[in-house]
Amino acid sequence: MGGTLATRNEQIDPFRGLVEAYGFVPNLFRLQKKLPRVIEAEQRLIDAIVVRESGLSRRLKDCLLRIVASAQGSDYCRALHAQTDSNDGEEDAALLAFANKLAKYAPWICKHDIDVLRASGFDDSLILDTVLTVALGQLLCTLANALRPNPDSELPAPTSIEASGLPEPVELFETKGPYLQPGPPAASNFPPYAFFREQFGFVPKLFQEQMLRPDVVEAESHTLAQILIPEDLLSRVAKEHVVLLISTANLNTYFVAVHGQILATLGVSLEDSNQIVEDYRRAPISPAEVALLDEVRKLACRPGGMEAGFDLAPLQAHGFSNPQILEAVAMAAVTNFLTTVQAGLGAVPDFLPRRVFTRKDLYPSSGPSRLISDAISPNDPDAAIVVRVQGGDTNAFEELVRRHSRRVFGTLAGLLGNLDDARDVTQDVFLKAFEHIGRFQRRSKFSTWLTSIAINTGTELLRQRKPFESLDEGEEEAEFRPRQIQSWANNPEQALAASQRIDLVREGVLSLPEKYRVVVLLRDINQVSTEEAAAALGLSIPAVKARLLRGRLMLRESLAPYFIRIEKRSPDADLR
Amino acid sequence: MLTCAEFLAEFGDYLEEEASPEIRARLEQHLHECKTCQVIVDSTRKTIRFVTDCDSFTLAADQVEPIVKDVMKRIHEKKP
Chain A
1 MGGTLATRNE QIDPFRGLVE AYGFVPNLFR LQKKLPRVIE AEQRLIDAIV
51 VRESGLSRRL KDCLLRIVAS AQGSDYCRAL HAQTDSNDGE EDAALLAFAN
101 KLAKYAPWIC KHDIDVLRAS GFDDSLILDT VLTVALGQLL CTLANALRPN
151 PDSELPAPTS IEASGLPEPV ELFETKGPYL QPGPPAASNF PPYAFFREQF
201 GFVPKLFQEQ MLRPDVVEAE SHTLAQILIP EDLLSRVAKE HVVLLISTAN
251 LNTYFVAVHG QILATLGVSL EDSNQIVEDY RRAPISPAEV ALLDEVRKLA
301 CRPGGMEAGF DLAPLQAHGF SNPQILEAVA MAAVTNFLTT VQAGLGAVPD
351 FLPRRVFTRK DLYPSSGPSR LISDAISPND PDAAIVVRVQ GGDTNAFEEL
401 VRRHSRRVFG TLAGLLGNLD DARDVTQDVF LKAFEHIGRF QRRSKFSTWL
451 TSIAINTGTE LLRQRKPFES LDEGEEEAEF RPRQIQSWAN NPEQALAASQ
501 RIDLVREGVL SLPEKYRVVV LLRDINQVST EEAAAALGLS IPAVKARLLR
551 GRLMLRESLA PYFIRIEKRS PDADLR
Chain B
1 MLTCAEFLAE FGDYLEEEAS PEIRARLEQH LHECKTCQVI VDSTRKTIRF
51 VTDCDSFTLA ADQVEPIVKD VMKRIHEKKP
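Going down the list, the protein sequences come from chains A and B. With our numbering, letter number 155 in the first sequence gets 155, and the count goes up by one each step, no holes. With our numbering, letter number 55 in the second sequence gets 55, and the count goes up by one each step, no holes.
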């Protein structure tokens, strides 16, 4: 008994701050245990913003965190902060509305919003606490979106997301910050300022404008010291690129200006960092880094909500280790935190911005970020129906279900291995597609978009069945050497009955590792083109081709025993 | 001449008939002299044909409409 307790204590000790905040160690943090410095940094932020007493009550902070979780569609984070009474006082209504807008449409926040809060009786200290709490909510939702933790048994089952009901803002008041009164000046030896001067060469205004809460500035500088600065996993420049990309997707002029300048001090020219902003795929970075940015940009807090579908497989295929992936996710989460703080406080850039996001960039119908989007996909046979559904004609969706249910089912059946599950999940995929069709920008074919939803839904289900720890596996295997090298009969399929053929292929496909199986399913079973498969999987065309060939060769190995011609083995049949 | 490993790394496009004329010529030169790779190409083509023609993961035609009905029913139930 004593031994069990000792083990338990050892396990939770590094998470003491989390136990204090939540009463237990949430799965969201357990999944990051391979990177203790990141957990430690996150604990410090949670402690400073949520646990430490400030003008806002814990009840109200939890309520704000739930609002962010709803805005970002995170059931997990809603459950994580559902422990306190959710009865929102009427006097807090203005604060909650502000939090909702900051979480969903941060670039629209303006001085007018702050004036409304002040008129409702909130002073600058309370407004700062609100901004920080919402920003922390964005950080937690980013982690949950990427890591997809299982629900915590200590918490009630997550309730489904409530619609936040905030209409898309149209008006944009272009007012300059900063919105809050400055706090007391920092002492000359204030450690965070020394850190910023040493690492960045200056103290960014964003931090100077939070001096009503110097303890939070300390936690923030500590977080950057633990996540941005170390170079034992990802390089500093690679992480700065993550900051730049997420800031771009979040339409955050401040961070694009400041981190472009910081990159210049690291030897990256302003032109090169500008290329990351305008189109990172054309920037002078490695294919592996392009793949990293492809996945990481899904974690941005875009106006309207975070994108689903962050995928580990392409990153593992490019040789990223799990701690490296975790670090990139943490960097994206911290960037979402900081861009939210900036939007809430209206901090003005320390340098003249080379790229200013304007009203045009802010309008969501121009795409998640027009800087990194492609042209509208031409020749989509479903385009006319999609437009009708987007215009409110729900019944038109029926034809899309009819046209694509076989393909969706085929993909899911091959992924999940169970036809009944595949039938159920096929319905879920169409419901998700209907729910999100307003966000579909027609930059790919509808069928490609639908296929990626099917793959994401199927793989998410597989992950729930297998523990997340399976992340440790999946590095690219060594070169594949065929072992079966005897000739096959001319028409091998004739040797088997139809039902045997079906079983044989099903067995062979299901025994393939997931990353090869998905590609074989799309290309050979569903007859999807290489380009469409690459788009649906978020992979490059060469990566799809390589995986397809490997998958086919593996299938060939499993089928060979049934089809080899019974004859003497050729004397030169050997690999050279 | 290519080794078998080099051949196996490159023959994906060849199977799809998408290899450039230069690559194709080099692959065929190897194939001409290597019985093992001939067997691998032939059996991989047969694998693709076999897998593609098999209805192992196909939704039966009569199961499409029930899915359409269920999905639309759930959509209408969800609408306020």
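No wet-lab data here; the hints were simulated from the structure. Honestly, I wouldn't trust all of these hints.
DMTMM-like cross-link-like pairs, simulated, lysine to aspartate or glutamate; straight-line CA separation at most 20 Å [what the hints assert, rightly or not]: (1) B:73 to A:428; (2) A:545 to B:10; (3) B:78 to A:240; (4) A:545 to B:6; (5) B:69 to A:75; (6) B:73 to B:55; (7) B:35 to B:10; (8) A:298 to A:435; (9) A:298 to A:240; (10) A:432 to A:75; (11) B:69 to A:421; (12) B:73 to A:40; (13) A:545 to B:70; (14) A:432 to A:307; (15) A:298 to A:311; (16) A:545 to B:16; (17) B:78 to A:311; (18) B:73 to A:393.
The structure displayed is predicted, hence computed values, not measured ones.
Structure-based check of each hint:
{"no.": "1", "hint": "B:73 to A:428", "in the structure": "holds (12 Å)"}
{"no.": "2", "hint": "A:545 to B:10", "in the structure": "holds (10 Å)"}
{"no.": "3", "hint": "B:78 to A:240", "in the structure": "violated (43 Å)"}
{"no.": "4", "hint": "A:545 to B:6", "in the structure": "holds (16 Å)"}
{"no.": "5", "hint": "B:69 to A:75", "in the structure": "violated (28 Å)"}
{"no.": "6", "hint": "B:73 to B:55", "in the structure": "violated (29 Å)"}
{"no.": "7", "hint": "B:35 to B:10", "in the structure": "holds (17 Å)"}
{"no.": "8", "hint": "A:298 to A:435", "in the structure": "holds (18 Å)"}
{"no.": "9", "hint": "A:298 to A:240", "in the structure": "holds (17 Å)"}
{"no.": "10", "hint": "A:432 to A:75", "in the structure": "holds (15 Å)"}
{"no.": "11", "hint": "B:69 to A:421", "in the structure": "holds (18 Å)"}
{"no.": "12", "hint": "B:73 to A:40", "in the structure": "violated (48 Å)"}
{"no.": "13", "hint": "A:545 to B:70", "in the structure": "violated (36 Å)"}
{"no.": "14", "hint": "A:432 to A:307", "in the structure": "holds (13 Å)"}
{"no.": "15", "hint": "A:298 to A:311", "in the structure": "holds (9 Å)"}
{"no.": "16", "hint": "A:545 to B:16", "in the structure": "holds (10 Å)"}
{"no.": "17", "hint": "B:78 to A:311", "in the structure": "violated (29 Å)"}
{"no.": "18", "hint": "B:73 to A:393", "in the structure": "holds (15 Å)"}
Comparing the model with each numbered hint stated earlier shows that hints 3, 5, 6, 12, 13, 17 do not hold.
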